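Build out the structure end to end from the sequences listed, making use of the hints.
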Amino acid sequence: MSEAYAIELKGITKTFGSVVANKNVDLNVRPGEILALLGENGSGKTTLMNMLSGIYQPDGGEIFVDGQRVSIDSPEDAKRLGIGMVHQHFKLVDVFSAADNIWVGKEKAGLFLKKERNTQIREMALKFGFDIDPEKKVYDMSVSEKQTLEIIKVLYYGAKIIILDEPTAVLTVQEVRKLFDVLRKMKEEGHSIIIITHKLNEVMEISDRVAILRKGEYITTVDTATTTEQALTEWMVGRKIDLNIERTPMNRTRPLLEVRDLTIRSDAGSIAIDGVDFYIRGGEILGVAGIAGCGQKELCEAIAGLRPLEKGKMIHKGENIVGLTPKQILEKGISMSFIPEDRLGMGLAPSLSITDNMILKKYADTKGPFVDRKIGRADAEEVIRELEVVTPSTETPVRRLSGGNVQKVLLGREIKAGPNVIITAYPVRGLDINSSYAIYNILNKQKQEGVGILFVGEDLDVMIALCDKIMVLCHGKVMGVVHAHKTTKEELGLMMTGALDLTYKYEDKPAGLAKDTRFGETEEEAAE
Amino acid sequence: MKIHIVKRDTCPFWKKCCYYAGAVLLALLLGAALLASMGVDPIAYYTRMFTMGTVGNKIAYKVWINYLKELVPLALTSVALSLAFKMKFWNIGGEGQFILGAIGAAFVAVKAGPILPGWLTLTLMCVAAMVVAGLYGLFVAALKVRFGTNETLMTLMLNYVALYVLIFLGEDKGAWNFFLDPDSLRPVFASFSDIISFPSIPMGDKFSLNICVVLTVLIGVLVYVYLKHTKHGYEIAVVGDSAGSAKYAGMKVNTIVLRTVFLSAALIGLAAAFKVGTAGILSTAITDDVGWTGIIVAWLSQLNTAVIFVVSALICVLHYGSTVAAATFSQVDSSFANMLQGVILFLVLAADFYTRFRVVIVKKGGKDNG
Numbered sequence: 001m002s003e004a005y006a007i008e009l010k011g012i013t014k015t016f017g018s019v020v021a022n023k024n025v026d027l028n029v030r031p032g033e034i035l036a037l038l039g040e041n042g043s044g045k046t047t048l049m050n051m052l053s054g055i056y057q058p059d060g061g062e063i064f065v066d067g068q069r070v071s072i073d074s075p076e077d078a079k080r081l082g083i084g085m086v087h088q089h090f091k092l093v094d095v096f097s098a099a100d101n102i103w104v105g106k107e108k109a110g111l112f113l114k115k116e117r118n119t120q121i122r123e124m125a126l127k128f129g130f131d132i133d134p135e136k137k138v139y140d141m142s143v144s145e146k147q148t149l150e151i152i153k154v155l156y157y158g159a160k161i162i163i164l165d166e167p168t169a170v171l172t173v174q175e176v177r178k179l180f181d182v183l184r185k186m187k188e189e190g191h192s193i194i195i196i197t198h199k200l201n202e203v204m205e206i207s208d209r210v211a212i213l214r215k216g217e218y219i220t221t222v223d224t225a226t227t228t229e230q231a232l233t234e235w236m237v238g239r240k241i242d243l244n245i246e247r248t249p250m251n252r253t254r255p256l257l258e259v260r261d262l263t264i265r266s267d268a269g270s271i272a273i274d275g276v277d278f279y280i281r282g283g284e285i286l287g288v289a290g291i292a293g294c295g296q297k298e299l300c301e302a303i304a305g306l307r308p309l310e311k312g313k314m315i316h317k318g319e320n321i322v323g324l325t326p327k328q329i330l331e332k333g334i335s336m337s338f339i340p341e342d343r344l345g346m347g348l349a350p351s352l353s354i355t356d357n358m359i360l361k362k363y364a365d366t367k368g369p370f371v372d373r374k375i376g377r378a379d380a381e382e383v384i385r386e387l388e389v390v391t392p393s394t395e396t397p398v399r400r401l402s403g404g405n406v407q408k409v410l411l412g413r414e415i416k417a418g419p420n421v422i423i424t425a426y427p428v429r430g431l432d433i434n435s436s437y438a439i440y441n442i443l444n445k446q447k448q449e450g451v452g453i454l455f456v457g458e459d460l461d462v463m464i465a466l467c468d469k470i471m472v473l474c475h476g477k478v479m480g481v482v483h484a485h486k487t488t489k490e491e492l493g494l495m496m497t498g499a500l501d502l503t504y505k506y507e508d509k510p511a512g513l514a515k516d517t518r519f520g521e522t523e524e525e526a527a528e
Numbered sequence: 001m002k003i004h005i006v007k008r009d010t011c012p013f014w015k016k017c018c019y020y021a022g023a024v025l026l027a028l029l030l031g032a033a034l035l036a037s038m039g040v041d042p043i044a045y046y047t048r049m050f051t052m053g054t055v056g057n058k059i060a061y062k063v064w065i066n067y068l069k070e071l072v073p074l075a076l077t078s079v080a081l082s083l084a085f086k087m088k089f090w091n092i093g094g095e096g097q098f099i100l101g102a103i104g105a106a107f108v109a110v111k112a113g114p115i116l117p118g119w120l121t122l123t124l125m126c127v128a129a130m131v132v133a134g135l136y137g138l139f140v141a142a143l144k145v146r147f148g149t150n151e152t153l154m155t156l157m158l159n160y161v162a163l164y165v166l167i168f169l170g171e172d173k174g175a176w177n178f179f180l181d182p183d184s185l186r187p188v189f190a191s192f193s194d195i196i197s198f199p200s201i202p203m204g205d206k207f208s209l210n211i212c213v214v215l216t217v218l219i220g221v222l223v224y225v226y227l228k229h230t231k232h233g234y235e236i237a238v239v240g241d242s243a244g245s246a247k248y249a250g251m252k253v254n255t256i257v258l259r260t261v262f263l264s265a266a267l268i269g270l271a272a273a274f275k276v277g278t279a280g281i282l283s284t285a286i287t288d289d290v291g292w293t294g295i296i297v298a299w300l301s302q303l304n305t306a307v308i309f310v311v312s313a314l315i316c317v318l319h320y321g322s323t324v325a326a327a328t329f330s331q332v333d334s335s336f337a338n339m340l341q342g343v344i345l346f347l348v349l350a351a352d353f354y355t356r357f358r359v360v361i362v363k364k365g366g367k368d369n370g
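Residue numbers (the numbering used here), protein chains in the order written: chain A, 1 to 528; chain B, 1 to 370.
Hints are computed from structural coordinates only; laboratory data are not their basis.
No experiment lies behind these values; they were computed from the predicted model shown.
Just so it is clear, CB atoms sit at the ideal spot from N, CA and C, and this is done for glycine as well.
Some hints here could point you the wrong way.
Have a look at the derived ranges for each label pair, beta carbon to beta carbon [stated by the list, open to error]: (1) 95(A) / 90(B): 17 to 25 Å; (2) 95(A) / 171(B): 36 to 44 Å; (3) 160(B) / 181(A): 30 to 38 Å.
Below, a list of computed lysine-lysine pairs in the DSSO-like style, where the Cα atoms sit at most 27 Å apart [to be verified]: (4) 206(B) / 69(B); (5) 144(B) / 374(A); (6) 185(A) / 79(A); (7) 374(A) / 86(B); (8) 313(A) / 252(B); (9) 231(B) / 362(A); (10) 88(B) / 416(A); (11) 228(B) / 374(A); (12) 327(A) / 58(B); (13) 231(B) / 327(A); (14) 206(B) / 362(A); (15) 206(B) / 327(A); (16) 146(A) / 185(A); (17) 252(B) / 367(A); (18) 311(A) / 362(A); (19) 367(A) / 231(B); (20) 144(B) / 416(A); (21) 327(A) / 69(B); (22) 311(A) / 252(B); (23) 252(B) / 332(A); (24) 362(A) / 69(B); (25) 327(A) / 228(B); (26) 231(B) / 332(A); (27) 86(B) / 367(A); (28) 187(A) / 127(A); (29) 327(A) / 252(B); (30) 416(A) / 231(B); (31) 252(B) / 374(A); (32) 69(B) / 367(A); (33) 362(A) / 228(B); (34) 88(B) / 362(A).
Set out below in structure tokens:
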């Protein structure tokens, strides 16, 4: 071994069923450096880090800590080896104070709560320049305070290697700056830090080296000083693969769905979508690009009537749809399908059969008190045949199907309903190439039939090939709407990270306002 | 060496049956060991228990009539609970709802019994019991829908409120208390069995089938159809499976919750009306613990309406049979059935675990691939 690494991974492989999350990944971290781990969603970053922190065990490969080969079987093992992870979703006890949250996981804490714990923890917080009150209860803390507490926790347990999973996703700009100061201080003390992030500007600012994963595979590690954001994007997204997705020319119709000055709050209460304008015409696919969690989910839910608006207007074919129930919005022909990370959370009832899921939105349309499963079964058979869903029968619970087939069932049902606007988020999430193409074809066919499609996506190559226009979101704000055939991935990447703002690229009007808007027609309604 | 628990993809039906049968058998063996340690011949005891003393009994028909009297409230309560459970609404308040239903039915029996014709009184008893019990359940559902309170705690605590209301009615000798027997010096509940009672349909020369049994089976069929084939049943399944998807599909989730919980509690009230209407008297032990046992039955049956009838019939054999056997084997208390039931439940749940997971033993370090 030529160089001493704090942590070295060799040939790590991890599979979940048939999904390969990590394939032969090599990674090393020097003592006292900040390594950024970069990759698209689903490229296996979190899985890899979970193996370091003992949550998962690798199927193959070796882990070395300080040159010693180790086997990390549990979070306790990781703790003993000095590896600490700050998860994206905090693991804190709400009703405990800061000090007690740290105390509760201490191995030799003894049976009794001792008074010194507060002073001890205050002293150690001061050492690193943290500003925290050990006696404050977690439920009184802001998001950034909770994160600080998580970091103090891993430091207190003696972690020398600290993993941060998207720590900046939930923070404001000022809080990010503060966090980075802390990270630099920790680095000076000789800690090694692995930071997972999507934001290239942050990578450039904080890291010493960058390791890149793509689709579960290790691509390369580069020195931050000698690279550029463009180069990183290219590594992360991969070479342009020739997608033979035909972008059918669109027959412009007047806008079907128009949205003005839309502001929506997230579950946590922060502004998720901030003053967004956009419109969708019939026969066009509008892509929505953005790093994960920058308001895509909230946007989809708001259009479907599942989330209240903070402010803003939405009209469909000139009629106001703000304040309508999800059912009324469905009846107008707006269909929304959102594929969350767990793929089953929204839109499907996982324990019910395909037939039962087919009738989810229209079971009430038939007369009488009984459910007509004949319609559902016929629909199920049709979707199974047309979209080549692999399933033992129409009566199989959706939960039993593989991810791709679940998504086909969901999208198949939405299309069966004959909508005029389709909102679809991550329809190819976690799908292999073939299933993905099947989904693209379905969407293209709908587009040809004059349906307006809002496509919230992750893969920029696909979006450039498939969409007509692409709207880029950054922190809930629109960075511009660009024509897909004129843009480049680099441009989109810069817009996604907020480095490039093309909102006023076209001088005559801001992006997202249609020339032939229908807003004037409904002045009275819209004014409310 | 380490033990890993791995999820099974599927478990064939026959294998499931084997697991469950094995669990029951194991429970009986454990019971047998206990019996043997008390100096009782387990085979003789089990024979007596499972035949409920019908063998060689001249009045075996009476055994069956009494057995059915116990079965009706249990089966109906389990069916009612399964409605709420299907929606993942954990109604632990069967006891309380049953008690309030019983008080409602007794109120009608005492007040209207002497004035109105019998069939009308019985109908009113059922209606009153269903409304009172239903509202008791609805109250909890409304709190959950409005304030997000935990229904398990609420229904559980309300059980005791109901129980103490009943005890109060049984002990307060105030002049207003028409539930008590006016001729007795000590406070005892008044019997109204000579005023009103559910009729029986004579079958054969001696045996007669109480109308409540027929009604219970009928309701069982209706609930089965309700859950399997109606829109309401479909909504219950979707809300129980994924409330998010239900909202997304445009369902009025709150309405569905309120409606279903009311129905669940109302059916428990009906079970109470059946019980009161055949017993002809209130008692502080009127529930016979069906609110608790019903939960066990519903779970053992995995909320399948048809299976609920089978399981409650078996549990009743256990209870009734152990009472009969206690008469012969004086050293074994009749609560032996409760213990046996607990062991069966425990082992069946364990078997259920094995139908869904496999236990794999991993040697430490073996996964490193060297």
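Practice task
Take the C-alpha atoms of residue 252(B) and residue 332(A), compute the straight-line distance between them, and say whether it is at most 27 Å.
Solution key: Measuring from Cα to Cα gives roughly 18 Å; hence the hint holds.
Problem - residue 362(A) paired with residue 228(B) [C-alpha distance capped at 27 Å] - result: holds (17 Å)
Handout entry: Cβ separation of residue 95(A) and residue 171(B), checked against the hinted range 36 to 44 Å
Key = Hint holds: Cβ distance 41 Å, inside 36 to 44 Å.
Exercise for the section: For the pair supplied as a hint, residue 252(B) and residue 374(A), confirm whether the alpha-carbon distance does not exceed 27 Å. Expected result: holds (24 Å)
Exercise for the section: Decide if the proposed pair is consistent with the structure: residue 311(A) and residue 252(B), CA atoms, cutoff 27 Å inclusive. Expected result: holds (24 Å)
Handout entry: Pair hint residue 362(A) and residue 69(B), alpha-carbon separation not exceeding 27 Å
Key = With Cα atoms ~44 Å apart, residue 362(A) and residue 69(B) exceed 27 Å; violated.
Problem - 27 Å limit on alpha-carbon distance, applied to hinted pair residue 69(B) and residue 367(A) - result: Given that 27 Å is the threshold and the Cα spacing comes to 40 Å, the pair is violated.
Problem - Holds or violated: residue 228(B) to residue 374(A), with C-alpha atoms at most 27 Å apart - result: Holds, at about 14 Å.
Practice task
Would you mind confirming whether the straight-line C-alpha gap from residue 187(A) to residue 127(A) stays at or under 27 Å?
Solution key: With Cα atoms ~13 Å apart, residue 187(A) and residue 127(A) stay inside 27 Å; holds.
Exercise for the section: Take the C-alpha atoms of residue 231(B) and residue 327(A), compute the straight-line distance between them, and say whether it is at most 27 Å. Expected result: OK: residue 231(B) and residue 327(A) at ~16 Å, within 27 Å.
Exercise for the section: Take a quick look at whether residue 231(B) and residue 332(A) sit within 27 Å of each other, Cα to Cα. Expected result: holds (22 Å)
Exercise for the section: Starting from residue 88(B), check that the Cα of residue 416(A) is at most 27 Å away, please. Expected result: violated (30 Å)
Checked against the numbered hints above, the structure violates hints 3, 5, 10, 12, 14, 15, 18, 20, 21, 24 and 32; every other hint is satisfied.
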